[in-house]
Amino acid sequence: MAQKLEAKGGKGGNQWDDLLDHDNIAKIHVRGGHEGIQYVKFDYVKFDNLKIGQPKLGSIHGLSRKGFTQTFEIDPTSEYIVSVEGYYDESKGIIQALKFKTNKKTSDMIGYDENGLKFSLEVKGKAIVSFHGFADTNLNSLGAYFAPAPPTKFDYQGGSGAQLWDDGSNYNGVRKVSFSLDDTEIRQIRIEYDKSGLVEKREYGSNVGRQEEFVLDYPTEYIIYMEGTCDIVSDTSKNRVRSLMFKTSKGRTSPIFGKVAARKFVFESNGSALIGFHGRAAAAVDAIGAYFSPLILSAPAPPPPPAEKLQAKGGNGGNQWDDLADHDHVTKIYVQGGQEGIQYVKFDYVKNGQPQSGSVHGLLGRGFTQTFEIDPTNEHLVSVEGYYDESKGLVQGLKFKTNKKTSDMIGYDENGLKFSLEVNGKKIIGFHGYAQTYLNSLGAYFVTAPPTKFDYQGGSGAQLWDDGTNYNGVRKISFALDANEIRQIRIDYDKGGLIERREYGGNVGRQEEFVVDYPSEYIIYMEGTCDIVSDASKNRVRSLMFKTSKGRTSPIFGKVAARKFVFESNGSALIGFHGRAAAAVDAIGAYFSRFILPPSAETLQAKGGEGGDPWSDGVFNGVRNIYVGQGENGVSAVKFVYDKDSQVAEGNDHGKPTLLGYEEFKLEYPSEYITTVEGCFDKIFGSGGGVMTMLKFKTNKRTSPPFGLETTSNFVLGKEGYKIVGFHGTSSHELHQLGVYVMPI
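For the record, in the sequence shown the residue sitting at position 417 is 417 according to the UniProt record's numbering, with numbers rising by one throughout.
It is worth saying that the hints were derived from the structure and are not from the lab. Each hint should be verified, as a subset may be incorrect.
As the list claims (entries may be wrong) - Here are the simulated DSSO-like cross-link-like pairs (lysine-lysine), alpha carbons at most 27 Å apart as the crow flies:
no. : residue 1 : residue 2
1   : 8         : 56
2   : 405       : 313
3   : 309       : 404
4   : 195       : 259
5   : 392       : 405
6   : 607       : 538
7   : 4         : 99
8   : 27        : 118
9   : 27        : 56
10  : 27        : 104
11  : 405       : 644
12  : 104       : 92
13  : 195       : 176
14  : 250       : 153
15  : 105       : 92
16  : 104       : 46
17  : 453       : 313
Stated by the list, open to error - Simulated restraints on C-beta separations:
no. : residue 1 : residue 2 : range
18  : 535       : 326       : 52 to 60 Å
19  : 705       : 47        : 37 to 45 Å
20  : 370       : 219       : 21 to 29 Å
21  : 199       : 326       : 23 to 31 Å
22  : 551       : 512       : 37 to 45 Å
23  : 370       : 511       : 25 to 33 Å
24  : 309       : 220       : 31 to 39 Å
25  : 309       : 390       : 42 to 50 Å
26  : 309       : 605       : 36 to 44 Å
27  : 745       : 54        : 56 to 64 Å
28  : 365       : 201       : 45 to 53 Å
29  : 47        : 262       : 51 to 59 Å
30  : 263       : 113       : 37 to 45 Å
Where a beta carbon is used, it is the ideal one built from N, C-alpha and C, also for glycine.
Between the sequences and the hints, there should be enough to build the whole structure, so can you do that?
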C-alpha cells in the first residue's frame, strides 16, 4: 500500500501521474532553462518473480526547448529515493530547482534556488516509488508516492574464501559488538542484537587474541556509519578484514578495532541504522557486509510494575520489620533455630551487582544456625514453606525453594500449622514480618521471575545459535538421527498462537519426533548425554530425552553416551533452546520459564478491510495500556500492554508507527477493563482492500476519545457480560483488521 503526498510547488499546469505499476525508480531526467525546470522524466523498473528487473520508460512531463539536461541514476536492486528537495517561484508558479536523495547518495541541485520558496517530499522510513504532479510548458509542481523502505544490503568486503554467514535483517538494532584481535587482523566478531527487547548473540571466527568491545546505549542509540579496511594477511596469503570502526546516532565514534590497512570501505545509508551483518569467516573474519534500515521511533516502553507484597503469615505478636523491595535478588539466607522455634532470620541481597547485607530479625541465642545460598546469576527464590505454633505465636520451621533446588526444613514442623509464600510466575526479592525474641511471622515481596538459562553442554566447535526466550512454549521436537549422534534438531515453538520453526544441523538419517499437547502440556525436564564421536573426533550431543507436565516421558532420541546432563527448573517449562551445530548437533542448552496455564477465551473474528499479514498477541488477564498511531491514510499502528498474572506483558507493534508517534489510552487496571471496541475502515487509493481509519475503546467506566476519523464502514467488537483480554488482526505498514479475545467478567 503506497502513501500519496500531494504535489508541492506552484499552481497551474495539467495534471499527470506515473501511477504505481512498478517497484522502483532507475533514472531521473531533469531539463532546466532560464525560467526554471522545463520538464522531468522518470524511468522505472518492475521486478518479476525471479527478482529480475524489467525497465519501464516514463513520459516527459513539461516541454523540451533550449536548456540543459541532467540525469541522476539509481541502482534499483539496492538503492531507493528517500526524499526530494525543491524550490519554486510563487509568482510564476514554476519549479526552479530539484535535488534528489537516496539511501546511499545525494544529487547536485539541478536548476537554481535563488529567492525561491522551498518544499520537500519525505516520509520517515519510506521510499519513493513513483511521482505525480502538474506541468505545461514548465514543471509547475511535484508530488510522490511512498512505500515502506526495504533494508539496504551492503555487499561484503574482503576475501571470498571461508564459510558464508548471514544474520539477515530481522533485528531491531545492535546492542554490542565485540572482537578478538591479534596484531594483523580481526580473528572474531561477536554481535549482540536486539529482537523485540531480547538479546540474540551471534559470533564468527576464532576466539583468539585480545578482547575489545563497543557498547551501544540501545534503544536510544544506533550505529549509523561503519568504516573498515581489508587486505592480504602476509602469513596466510588471504584477503581478510583488518579493521572496523563505527559512528552512532548520538555522535559517538568507536575506537578503531584492528590495524588499518590499505583498502578502505564505508557502509552508510541516509537516515538508517545498522541492523544486521553478513560475511565470511573461519579462523578469522575474511569478509563483512551489513544491512541498514530506516530509523522509526517505537512506542514508549511501560514502566516496570511495583513488587507484589504478600502479607506476613504465621503467629501474632512481635515488632514489625521490613527489608523492603529495593533489591534485585536474595543471595543468602540465615536461620537460627531453638527449642521453641525460629529465633531469628537474616537475608543478604544484591542490587545492581552490589551485595547488601540484611539485618537480624529476632534475637540471637543458643541454638543452631543454618544457611541457604542462592546463585543470583541464574537462580532465584520462588517460594517459602513454613510451620507455626498458633498458641505461642512463633514460627517453628522454614523451607526455601529456588528454581533449581530446595533447602532442608530448618527447624521442625511437628503439629504446627502450615503456611506458604508463593506467587505463580514470580520470584522473591525481599522479606518483611514480625519478630521479637523469636520470629513471629514472615511475608515477602514478589516480582516477575526471569527465564532460567542452562549453558550448553557438548562441544565448543561449530556455529553458535540461540533461539532466545521470546516463545510461549514448545509444540514439537523432531530429530534426524544416525547410529552415533543427533544429526539435526527441529523445534516447533508457539508464539502468540502461531508456530515458528527452527532447525539446526544436517538433515541426514532416520526421522523421529516428540509432540507436546500444547498449551495444556509443557516440557518440564530435559536429559541428555554427550561424548566424543569417534569418526569425527568431536564432542557432540549423543542423546536427548524429555518429561512433560502431564507425567509423560519421551523415548530416548539417539544413543546414550557416558557424559550425562540434566536441565530442570522447579515449576518451569522449557521455552527455548540454544547451542552449536553444523553437520550435527555439537552442543545444546535450554531456557526455562515459570509456566501458567492460559485461561480459555472466546475468539471474536477480526473486522476491517482486506489485506495485511495476520498477527495475534494471545490471551492475557486484562489490558493495561493502548497505543494508537496515526498515519496519512488512517491508523498506522497499534500496540497493547497487557497484564499476565500481575506482571506487565508488552505486545509488539502491529503496523508501522510514523513520526507522529502514538496516542495513549491508559486503563485503571485492574478495576477497569475494556468491554467493546468500535472501529471504522475505508478503501484508500493504492491500499488494496482497505485500512482502519478510526478506533474507539469502551470500558466499564468510560469511553476513550476516537483515534482517527470516522467513515461509513464501521463495526463493534464485544460480547455482553464479557471483557476483552487480547487482540489479533492483520497489518502491513498500516492496520487493516482488528479482532479480540474475550472472557466472562
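Report task. Could you tell me which of the numbered hints above are not met by this structure, giving the numbers in increasing order? Result -> Structure breaks hints 4, 5, 6, 12, 15, 17, 20, 22, 23, 25 and 29.
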